[in-house]
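*Asks:* Residue numbers (the numbering used here), protein chains in the order written: chain X, 10 to 103; chain F, 45 to 486.
A couple of the hints might just be wrong.
Straight-line distance between alpha carbons at most 20 Å, and here's what the computed SDA-like set of lysine to any residue pairs gives [as the list claims (entries may be wrong)]:
hint: 1; chain 1: X; residue 1: Lys88; chain 2: F; residue 2: Thr235
hint: 2; chain 1: F; residue 1: Lys307; chain 2: X; residue 2: Pro41
hint: 3; chain 1: F; residue 1: Lys462; chain 2: F; residue 2: Val483
hint: 4; chain 1: X; residue 1: Lys23; chain 2: F; residue 2: Gly464
hint: 5; chain 1: X; residue 1: Lys36; chain 2: X; residue 2: Thr84
hint: 6; chain 1: F; residue 1: Lys233; chain 2: X; residue 2: His65
hint: 7; chain 1: F; residue 1: Lys232; chain 2: X; residue 2: Arg78
hint: 8; chain 1: X; residue 1: Lys88; chain 2: F; residue 2: Gly229
hint: 9; chain 1: X; residue 1: Lys23; chain 2: F; residue 2: Thr451
hint: 10; chain 1: X; residue 1: Lys57; chain 2: F; residue 2: Glu314
hint: 11; chain 1: X; residue 1: Lys57; chain 2: X; residue 2: Arg78
hint: 12; chain 1: X; residue 1: Lys23; chain 2: F; residue 2: Asp185
hint: 13; chain 1: X; residue 1: Lys88; chain 2: F; residue 2: Lys462
hint: 14; chain 1: X; residue 1: Lys88; chain 2: F; residue 2: Lys417
hint: 15; chain 1: F; residue 1: Lys307; chain 2: X; residue 2: Lys36
hint: 16; chain 1: X; residue 1: Lys57; chain 2: F; residue 2: Lys307
hint: 17; chain 1: F; residue 1: Lys232; chain 2: X; residue 2: Gly82
hint: 18; chain 1: F; residue 1: Lys307; chain 2: X; residue 2: Glu43
hint: 19; chain 1: F; residue 1: Lys307; chain 2: X; residue 2: Gly62
hint: 20; chain 1: X; residue 1: Lys88; chain 2: F; residue 2: Gln407
hint: 21; chain 1: X; residue 1: Lys88; chain 2: F; residue 2: Lys232
hint: 22; chain 1: F; residue 1: Lys307; chain 2: X; residue 2: His65
hint: 23; chain 1: X; residue 1: Lys36; chain 2: X; residue 2: Gly70
hint: 24; chain 1: F; residue 1: Lys203; chain 2: X; residue 2: Ser95
hint: 25; chain 1: X; residue 1: Lys23; chain 2: F; residue 2: Lys462
hint: 26; chain 1: X; residue 1: Lys23; chain 2: F; residue 2: Lys417
hint: 27; chain 1: F; residue 1: Lys417; chain 2: F; residue 2: Arg433
No wet-lab data here; the hints were simulated from the structure.
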Amino acid sequence: MTRVNVDAKLVVDKFFVDEGNPHIVLKKSPDPREFAKLEKACPAGLYKRDANGAMHFDSAGCLECGTCRILCGHTILEKWDYPTGSMGVMYRYG
Amino acid sequence: MSDDKFDVIVVGAGLAGCTAAYVLAREGLEVVVIERGNGAGSKNMTGGRLYAHTLERILPGFAEEAPIERRVTREKISFLSDRDAVTMDYQAGDYQAGDYQAGGQAAGRRPATAESYTVLRARFDPWLMGKAEEKGASLIDGIRVSELLTRDGRVVGVKAGDDELEADCVILADGVNSLLGESLGFVKKVTPHHCAVGAKELIELTPQQMRDRFGCEGRDGLAWLFAGMPSDGLMGGGFLYTNETSVSLGVVFGLHNIEAAGKSVPQMLEDFKAHPAVRPLIEGGQLIEYSAHVVPEGGLAMVPKIVGDGVLLTGDAAGFCLNVGYTVRGMDLAIASGEAAAKAVIAAKARGDFSAAGLNQYQTLLNDSVVMKDLTLYRKLPGFLDNPRMFGAYPDMAAGVMADLFTVDGPSKPLLKKAGGHLRKVGLLNLVKDGLKGVTSL
């Protein structure tokens with residue numbers, strides 16, 4: 010089985026990134042068990058651990074589906090909002 | 045402010061919002077649709093299939109003009125084990141390829157209301173919004189409604205940053221993550237038990253490949269659902285819809301099982317693509333978009349309060365979605381709810397009463413419509429489908445029975461003995477129980 014490379018899929022999508030104004034913010038030192046749910050569930054693979062096991066999240070590349078909000082909105086997310094008008098993903102096909 | 049006041053503000057230019065705007069504008073109401081994306085449909089995605097009945101009744105013959113991808117004339121359902129596939133294939137063969145007829149009453153053809161079409165939302169939604177604009181509705185896009193404007197407990201408009209816009213009534217068509225519906229306390233926090241996440245690749249193929257691999261002739265195409273390995277043997281599945289020169293290929297996964305999943309959702313899609321039954325179908329194709337969306341699959345149990353003073357909830361925001369296993373529907377219900385909301389607002393305007401009581405015809409119209417009738421009919425299904433046997437043991441069983449049935453290797457065993465082993469693996473009582481439950485929930 011090939012290991013999925015989600016970043017390679019996201020590069021074909023069109024995004025307007027709102028630099029410095031993330032619409033989703035992860036809490037500091039999130040509960041690892043909650044984080045693990047998002048590592049598996051986020052379709053954009055934006056919840057990642059590095060080689061040292063440190064947790065990382067970047068809202069650029071977000072497909073705005075709301076999966077993380079539904080799973081962990083109250084536990085490890087400090088903020089979940091839609092991107093400001095006209096920002097974020099723009100589907101050309103949908 | 046009164047000069048700027050609209051009859052109706054619709055939040056969200058998806059199918060519910062655009063339909064509501066069309067019906068309202070057609071009756072001469074002043075309606076504005078506010079959409080956070082750049083243009084209608086730019087934040088929207090679908091697995092791929094629109095059942096035409098509800099839109100056909102509003103815009104008869106729409107498929108002749110609308111940017112649909114293909115008419116679905118062939119249905120496949122596959123049960124996948126890790127390597128095997130057992131497939132049912134139904135081809136509706138009694139009509140001509142590419143034969144669209146408004147009303148569709150010609151002999152031997154199903155009526156246009158019974159058709160379904162594959163669609164891509166960033167193409168389809170702008171068309172529908174355009175129809176509403178032709179009737180006089182306006183679209184403000186690229187603006188996110190940040191909150192609802194309320195006065196004395198009733199909704200009187202919307203805020204976008206520092207800007208305020210007032211209306212007699214606001215229709216919320218802001219999707220499955222209805223932050224505005226939550227701000228009113230109508231939509232309770234959507235729970236993982238009521239939701240699945242869908243991830244989809246749009247893979248471009250040549251017209252020749254579409255024809256050779258899927259038998260797509262003219263504008264006709266197929267819908268294909270997969271149970272079993274695509275969702276790692278848990279609640280969910282895979283799908284493939286043929287568009288004009290691409291396929292929509294994806295997986296859907298019930299979020300409440302995320303901890304039980306042995307791999308990530310993107311990995312499920314990757315493995316599904318690599319399944320021997322799927323890989324040759326997309327070989328050489330080019331990824332042209334990757335998209336995702338949450339599907340409200342809770343059925344009737346997740347439908348929130350949908351009528352308030354000066355406000356109505358429609359479409360995904362209201363949880364109007366139905367996964368029956370072999371049909372998955374949201375868009376046709378969104379359209380029906382947008383229409384019902386518009387009609388209720390038109391009646392409320394005639395009486396000059398936009399209170400919850402004045403708008404309550406929405407609930408009545410929905411109750412009498414396909415939306416609540418079907419949600420009620422299938423109310424037990426989400427519970428029935430939330431059974432790991434449906435997605436693990438049964439697909440494996442089907443594959444096992446088939447493997448034995450079609451294998452000759454020395455003296456044969458009696459059929460019952462061949463099948464019996466696979467059936468016992470699932471448990472005969474489980475089979476009987478699930479069979480009975482299935483029949484009563486459908």
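*Asks:* Look at each hint and say if it fits the structure.
*Replies:* Each hint, compared with the structure:
{"no.": "1", "hint": "Lys88/X / Thr235/F", "result": "17 Å, holds"}
{"no.": "2", "hint": "Lys307/F / Pro41/X", "result": "17 Å, holds"}
{"no.": "3", "hint": "Lys462/F / Val483/F", "result": "26 Å, violated"}
{"no.": "4", "hint": "Lys23/X / Gly464/F", "result": "53 Å, violated"}
{"no.": "5", "hint": "Lys36/X / Thr84/X", "result": "9 Å, holds"}
{"no.": "6", "hint": "Lys233/F / His65/X", "result": "26 Å, violated"}
{"no.": "7", "hint": "Lys232/F / Arg78/X", "result": "13 Å, holds"}
{"no.": "8", "hint": "Lys88/X / Gly229/F", "result": "18 Å, holds"}
{"no.": "9", "hint": "Lys23/X / Thr451/F", "result": "49 Å, violated"}
{"no.": "10", "hint": "Lys57/X / Glu314/F", "result": "18 Å, holds"}
{"no.": "11", "hint": "Lys57/X / Arg78/X", "result": "16 Å, holds"}
{"no.": "12", "hint": "Lys23/X / Asp185/F", "result": "17 Å, holds"}
{"no.": "13", "hint": "Lys88/X / Lys462/F", "result": "56 Å, violated"}
{"no.": "14", "hint": "Lys88/X / Lys417/F", "result": "37 Å, violated"}
{"no.": "15", "hint": "Lys307/F / Lys36/X", "result": "24 Å, violated"}
{"no.": "16", "hint": "Lys57/X / Lys307/F", "result": "14 Å, holds"}
{"no.": "17", "hint": "Lys232/F / Gly82/X", "result": "13 Å, holds"}
{"no.": "18", "hint": "Lys307/F / Glu43/X", "result": "15 Å, holds"}
{"no.": "19", "hint": "Lys307/F / Gly62/X", "result": "18 Å, holds"}
{"no.": "20", "hint": "Lys88/X / Gln407/F", "result": "33 Å, violated"}
{"no.": "21", "hint": "Lys88/X / Lys232/F", "result": "17 Å, holds"}
{"no.": "22", "hint": "Lys307/F / His65/X", "result": "19 Å, holds"}
{"no.": "23", "hint": "Lys36/X / Gly70/X", "result": "19 Å, holds"}
{"no.": "24", "hint": "Lys203/F / Ser95/X", "result": "16 Å, holds"}
{"no.": "25", "hint": "Lys23/X / Lys462/F", "result": "53 Å, violated"}
{"no.": "26", "hint": "Lys23/X / Lys417/F", "result": "39 Å, violated"}
{"no.": "27", "hint": "Lys417/F / Arg433/F", "result": "28 Å, violated"}
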